[in-house]
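**Q** Sequence:
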Amino acid sequence: MKNLLLFAFILLQACAVTKDSVLVLKPSQSMCITGKGPGQDGAINPYLGEKSVALVKNLSENSFNVRIQKAGKIIKDVTIQPHKKQQFVLLKGQELYFDSQLAAKAHIRFKKYKG
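Counted from 1, the sequence shown has number 1382 at position 18 by our numbering; the numbering is strictly sequential.
No wet-lab data here; the hints were simulated from the structure. Glycine included, C-beta positions come from ideal geometry on N, C-alpha and C. Among these hints, one or two may not hold up.
With a Cα cut of at most 20 Å, we get these calculated SDA-like pairs of lysine to any residue [claimed, not checked]: (1) Lys1476 with Val1388; (2) Lys1456 with Ser1392; (3) Lys1434 with Gln1451.
Here are the simulated distance ranges between beta carbons [stated by the list, open to error]: (4) Asp1384 with Val1453: 16 to 22 Å; (5) Asp1384 with Asn1426: 28 to 34 Å; (6) Lys1478 with Lys1390: 19 to 25 Å; (7) Lys1415 with Ala1467: 30 to 36 Å; (8) Glu1414 with Gln1465: 30 to 36 Å.
Hey, can you work out the whole structure from these sequences and the hints?
**A** As structure tokens, this is what we get:
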């Protein structure tokens, strides 16, 4: 019985960590999505210490930018148009940001990179 309860608890923990996130961006907001660490990230990337994929979908009527950087250097800056989606490969140590001039809403999900 203890093993069953422990298994159920571990399974629930894993589901909570890999849950999709919906983020609301205010006008003129820049938000760190992942890469800074616990308490500083807007979403949890369960694959933070390894190569991973961020799936981003714009749920709003306004565009916003997705910025990837490492050690303060911008590596990629891409505009996501309304109702479009795009995926980004994140390497270990990279930070993911959303930058918005107008109010926007985004869905983000992380998955393990499978090369």
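**Q** A separate judgement is required for each hint: does it hold in the structure or not?
**A** Structure-based check of all given hints:
no.	hint	in the structure
1	Lys1476 with Val1388	violated, 24 Å
2	Lys1456 with Ser1392	violated, 28 Å
3	Lys1434 with Gln1451	holds, 18 Å
4	Asp1384 with Val1453: 16 to 22 Å	holds, 18 Å
5	Asp1384 with Asn1426: 28 to 34 Å	violated, 21 Å
6	Lys1478 with Lys1390: 19 to 25 Å	violated, 35 Å
7	Lys1415 with Ala1467: 30 to 36 Å	holds, 32 Å
8	Glu1414 with Gln1465: 30 to 36 Å	holds, 33 Å
The earlier numbered hints that this structure contradicts are 1, 2, 5, 6.
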